[in-house]
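**Student:** Chains as they are written, first to last, in my numbering: chain A, 39 to 407; chain B, 39 to 407; chain C, 39 to 407.
Keep in mind that the hints were calculated from the coordinates and are not lab data. Please note: incorrect hints may appear among the correct ones.
Where chains are identical, the list cannot tell them apart; a pair therefore holds if satisfied intra-copy or between any two copies.
In silico BS3-like cross-links for lysine-lysine, where the CA-CA straight-line distance does not exceed 30 angstroms [claimed, not checked]: (1) K362 x K69; (2) K232 x K355; (3) K362 x K232; (4) K362 x K163; (5) K355 x K340; (6) K163 x K232; (7) K355 x K336; (8) K163 x K355; (9) K163 x K336; (10) K232 x K340; (11) K340 x K163.
Chain residues, written in single-letter form:
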Amino acid sequence: MDENDEASRAKLPAGVVPLKNLTRGQASVAKVLQAWYIVARSHELTDNALAATVWDIPLVLFRGAGGQPAALLDRCPHRNVPLSLGQVAGAELQCGYHGWRFGADGGCRFIPSRPTGDADGPARKVPSFATRELDGFIWVYATPDVTPTVEPYRFALMGAPGYDHVVSLVTAESTLHAATENALDVPHTAFLHKGLFRGDSRGVTITAVVRRSGDRVEAQYLGESRPPGLVARLLSPSGGEVTHYDRFILPSIAEVEYRMGDENHLLVATAMTPVSDFVTRLWAVVSFRLRVPHTLVKRALKPLAMQIFQQDAVMLKAQTALVKRFGGEQFASTEIDVLGRHIWRLLRAAERGDAPGAEVLEERVELVV
Amino acid sequence: MDENDEASRAKLPAGVVPLKNLTRGQASVAKVLQAWYIVARSHELTDNALAATVWDIPLVLFRGAGGQPAALLDRCPHRNVPLSLGQVAGAELQCGYHGWRFGADGGCRFIPSRPTGDADGPARKVPSFATRELDGFIWVYATPDVTPTVEPYRFALMGAPGYDHVVSLVTAESTLHAATENALDVPHTAFLHKGLFRGDSRGVTITAVVRRSGDRVEAQYLGESRPPGLVARLLSPSGGEVTHYDRFILPSIAEVEYRMGDENHLLVATAMTPVSDFVTRLWAVVSFRLRVPHTLVKRALKPLAMQIFQQDAVMLKAQTALVKRFGGEQFASTEIDVLGRHIWRLLRAAERGDAPGAEVLEERVELVV
Amino acid sequence: MDENDEASRAKLPAGVVPLKNLTRGQASVAKVLQAWYIVARSHELTDNALAATVWDIPLVLFRGAGGQPAALLDRCPHRNVPLSLGQVAGAELQCGYHGWRFGADGGCRFIPSRPTGDADGPARKVPSFATRELDGFIWVYATPDVTPTVEPYRFALMGAPGYDHVVSLVTAESTLHAATENALDVPHTAFLHKGLFRGDSRGVTITAVVRRSGDRVEAQYLGESRPPGLVARLLSPSGGEVTHYDRFILPSIAEVEYRMGDENHLLVATAMTPVSDFVTRLWAVVSFRLRVPHTLVKRALKPLAMQIFQQDAVMLKAQTALVKRFGGEQFASTEIDVLGRHIWRLLRAAERGDAPGAEVLEERVELVV
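Extracted from the complex, chain A is given alone in its bound form (with noise of 0.2 angstroms):
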């Protein structure tokens, strides 16, 4: 397979481009508003109000009655202020320029200086995004005044026997699509991150099975030996297969899983959270059963983990910086680009309300390594 991805057949804006051929593409951006995304830690949402942006939404995240978390729009109904410069007044918020008081549901509760006349009423009503705190962070849905027909996703090891875990936060300059192509994309780490998570290629050939069903896609690679990095020699000193999944589960999870007999076990999950078109934030969960001493991994894993993302970060900002300079993405990919264009798949049907299609698709890929 030697094509573009449908990605770069999209239209391209006019005058943005100074040679005519040079481009085809726009960005790969689907902007998927009927789901949830992390927010906030859960001990960031204290008694004040909380600022945070989702696909360009601004909120206002407060705790309400019962300590609940609360979201709205952050934009007072009465004269466009952000809510989030107010107070939380018991259980409800106040707005800090007039007063006025809202309830978690977006209600009005009270206007001040007011002598007459209900405080609620439809033109008051700010828009209101349903709310989850599971597993230590708070999730918002996407659309406001909704009740969602789904559950945000869980981090399922986080407590479970035998489990440690890491929680980093780090922000890319990139569309979700780039960012969650990228934390699943195994050629790149051969290359850029030589030496930190994978060496030199050994020329191993090894299979990717992909499958793609419902509202997920994964790589599982066959014949993966104990890769020579030093985050692998953590994971097993003593060498042997790989048993190693790449997955991407809509709306923006990214899950990459690493076994290595029943000893050693270790899910990096990241839950990606669109601010805007153009950048993501991503929550990213390490889950491990190791081994190795787990005080030891906790201390080694952040540096690392930080220090491999740095270097994504710098090409997903150029990328981006290069994809905006010339109205669109040109993409020229090859068949072992294997999950990028079947998440690109998933994400347009999301952001179309397509449901999850029925059918499977599994196709095998062989990648050097």
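Dock chains B and C against chain A, hints included.
**Tutor:** Structure of chains B and C alone, referenced to chain A:
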């Protein structure tokens, strides 16, 4: 009354908003160009050229024959460099690039290196703006090359017997309309400026009598007793009923007037200059005749006014950012927003060039303060 | 002649200007892409990739086989990261993200991790630009994937017997046209650079003979005696008549040439590189053969040139800002703006791809200096 302002019903620019149902309005910008605005204080205009901006129009000010202030479009007709980079030569302004010289009327007087030919000519005429120097301010009429039929607003109490005054300049990142409504709005002072300007609400119901006629609208507040805040204590140590007017005069004057008995009189007259659609400079002249020592008042007034303005500035700036973010205003007003919609009507009529109507409107609204 | 430049008659972009009668023109940007421009000095291009920009086109330079300079579009066809973030590997350029390798012709040579299949292919071809290395400069032809039919401009006096030279690089925030007109304009030197380059006007009338033919236009100045400024004193301590030419050669060469007797010869040849519509880099080579010691000249020349350029840079930047502010140029030229409109005609013809005409135009203009 539980309606949105007319401003909120205007059309929305496309493509700015992620959620279709969140916005309806555009910003309340009424570009009144046939009007006088302050561009500088007299002492700022010495023997150098001075740049200023009104409604996004770059101006250059200088003193021409007899020290009279002159205002030209700040662009040389020859090669379009700003004339404010040049020098004043006698009664003429000389461009810094090729040395072309212009009179106070914008006419070209001299072109260096040119052996023959008139310097003057229509293509070399710089648009010139009428000026006035009054009460220590330089005013400019915002339409070039016309003879104004009206004169600038006068600060009536400046220099009146027994009165002193304090002049302040602050800049608000907001529309002229939002800055004006803010300056003349009572409910927010009870909340945002609580403790400074007014104290906590005492639950007293007062009546606002709103009168709109010709070029102005004012609210007279009946039943208001001396508020507990610091400013009021300065005004009247002995308490008593307050005579309080909030007044808007076209195109950009906000007056807040307090009387307590014959002894105490305070007028905050703010002449607003729209630098651009979303940046407004406020020249505030506080004139007062009070029973407390004027030296003390002068010392206390400026820091107090600055602290009050700072609180407003935060709100106005955040409001502007959010209005831009959503591609327009969506304001849900109530009956206690007594002046905003009248100011907007007056501004829009003035923008269209309508003569002030003969109609007199009067309405009464109750507020709790 | 008292007319506006043709540039000023172009259409105006809507919505930029508050006062309808203030502007008529657009900016004088003629994008001549079938032409050579300097992108670097030879010594800057070592064994690393080097980024450069011409007419907004991002380029990556590197040395390929035999040390020959190569120039590619600075964008990897795979995932659109800049190739200038990569490394030079032998005679190939290697992308920093996935390690794809490209030759000097832009062809893809190697894709890591891919077990089979040609690396090459039209979708993986990077547009490549012809290069030349001449007189210590790297030149790039601004249209990709073509064989140029012309060769770059040569700095004829570099290395000529008895001549020395000084090379300077400065950046002007202006169009190529404005930078060129400025470089070849006499009247502003008498005013803006008064005391440095020229002294006060001595009221001497000289004649400019303007000749336009083929790819160039020049003004020869007759009757000019040694000006009193510092540069002139360096040139000729004994005074006498000056032979002075100002010359524009397509697409972007400005030559200022002075002779005083047989002994003194000075040529300021500036090759301009349009980085974008409103940013121009000026590579100035001052070649000279003078009776004063060359060591002294070399020491004095650079700071003097920089001071002169700094004065021009302030004007050019302010001019650009104002032209953008008004949505276009509105220039009122006179007959002593001898070269600007001819340069514009040549640039526009070259932008359209017209062959240089056979017509020879000659006109005479008087100036007072």
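**Student:** Against this structure, judge whether each hint is valid.
**Tutor:** These are the hints, each one checked on the structure:
no.	hint	in the structure
1	K362 x K69	both (18 angstroms within a copy, 21 angstroms between copies)
2	K232 x K355	within (20 angstroms within a copy, 46 angstroms between copies)
3	K362 x K232	within (29 angstroms within a copy, 45 angstroms between copies)
4	K362 x K163	between (37 angstroms within a copy, 21 angstroms between copies)
5	K355 x K340	within (21 angstroms within a copy, 39 angstroms between copies)
6	K163 x K232	between (54 angstroms within a copy, 26 angstroms between copies)
7	K355 x K336	within (28 angstroms within a copy, 44 angstroms between copies)
8	K163 x K355	between (38 angstroms within a copy, 23 angstroms between copies)
9	K163 x K336	neither (46 angstroms within a copy, 44 angstroms between copies)
10	K232 x K340	within (18 angstroms within a copy, 47 angstroms between copies)
11	K340 x K163	neither (43 angstroms within a copy, 39 angstroms between copies)
Checked against the numbered hints given earlier, the structure breaks hints 9, 11 and satisfies all the rest.
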